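This is what each chain is made of:
2 protein chains.
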Amino acid sequence: MKIAEVSEKYGLSPDTLRYYERIGLISTVNRKENGIRDYDEADLQRIEFIKCMRRAGLPIDVLIDYIGLVEQGDSTIEERKAILQEQRRLLVTRMEEMQQTLNVLDYKINLYDEAVLKKEKAMNRKIVKEAIAE
Amino acid sequence: MKIAEVSEKYGLSPDTLRYYERIGLISTVNRKENGIRDYDEADLQRIEFIKCMRRAGLPIDVLIDYIGLVEQGDSTIEERKAILQEQRRLLVTRMEEMQQTLNVLDYKINLYDEAVLKKEKAMNRKIVKEAIAE
DNA sequence: ACTTGACCTGGAGTTAACTCCAGGTGCTAG
DNA sequence: CTAGCACCTGGAGTTAACTCCAGGTCAAGT
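So the protein lines, in turn, are chains G and Z. Under the UniProt record's numbering, read the first sequence as residues 1 to 134, first letter to last. Under the UniProt record's numbering, read the second sequence as residues 1 to 134, first letter to last.
Honestly, the hints are just simulated from the structure, not real lab data. Any given hint might turn out to be false.
To be verified - Covered by chain G, per the in silico footprint, the following chain Z stretches (three or more residues, Cβ under 8 Å): (1) 59-70; (2) 81-92; (3) 101-107; (4) 110-120.
Remember, it's a predicted structure, so these values are computed and weren't measured experimentally. Each residue gets a CB set at the ideal place from its N, CA and C atoms; glycine is no exception.
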């Protein structure tokens with residue numbers, strides 16, 4: 001699969017895909033004779049994983065470490081698990097903070113709703129008053 | 001309240017507080033005769049709000065817009081509400097993505113748990129075998 | 001009087017994560 | 001055979017959000 005298709009499929013720009021390879025987040029992708037990248041199934045799986053983790057804000061350097069361990073084989077299983085657990089912990093914390101902010105936003109939006117209603121009521125009273133005055 | 005106390009109270013560095021003021025996120029803070037910032041209650045409330053929003057990832061330029069509208073008074077209520085609703089929507093989307101990533105992480109951690117168990121079992125079998133062999 | 005420490009300013013530097021670009025190669029359709 | 005893409009590389013530029021720094025003021029303690 002060529003870079004443009006991969007880019008299309010995962011919504012990552014070709015530049016980003018090459019960048020990920022440069023920094024060692026994706027191990028060197030196979031090339032066709034002419035030097036053009038030809039992503040295989042394993043590459044795609046890795047890209048999907050990276051995309052998922054990045055979307056949630058996991059930092060690239062942590063992912064590089066993790067993937068380095070994956071490549072070292074079974075002896076690193078416990079270390080990898082520890083990394084994921086730590087990142088899971090951080091993720092949950094961030095989500096809790098976001099939930100708090102969401103509550104604040106809802107509270108404020110609700111205040112604005114009420115303010116808008118009050119404004120409208122005042123407007124209506126004014127209209128009625130004027131109608132009576134005529 | 002001096003900048004060091006505010007910094008302490010909200011966990012934002014003095015540099016960050018001055019930076020927020022420079023870019024117009026906090027309206028100009030009053031000074032004592034000697035030119036030193038003296039944060040009042042309104043400043044603190046604004047800082048708390050900003051901190052809460054920033055923690056959830058709301059971008060600074062959006063907050064600058066929002067706060068500019070707050071300062072323009074009641075005529076901007078609907079516009080402000082629209083901003084908060086839009087940010088709320090984006091926040092929910094991000095949280096949903098994070099939840100998906102959390103599920104993937106849990107799945108992977110679980111796989112590692114099983115892998116570790118298997119490893120241990122194999123180890124135990126080996127030990128038992130050796131014990132019998134003796 | 002002098003040192004210390006908190007504060008000030010304007011401006012430069014940093015970090016993460018891309019994103020863009022110039023200059024070059026190589027298939028393919030007209 | 002040549003025009004037009006899609007691809008390549010190494011390196012530079014960008015963006016958001018800080019963070020740091022040099023050089024200066026000022027009040028308080030010794």
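Against the structure, the hints:
1. 59-70: Violated - the segment 59-70 of chain Z has 0 residues with a Cβ nearer than 8 Å to chain G, which falls short of three.
2. 81-92: Coverage by chain G holds for the segment 81-92 of chain Z (7 residues, Cβ < 8 Å).
3. 101-107: Coverage by chain G holds here, the residue count being 5 at a Cβ distance below 8 Å.
4. 110-120: Coverage by chain G holds here, the residue count being 5 at a Cβ distance below 8 Å.
Consistency note: the structure conflicts with earlier hint 1 alone.
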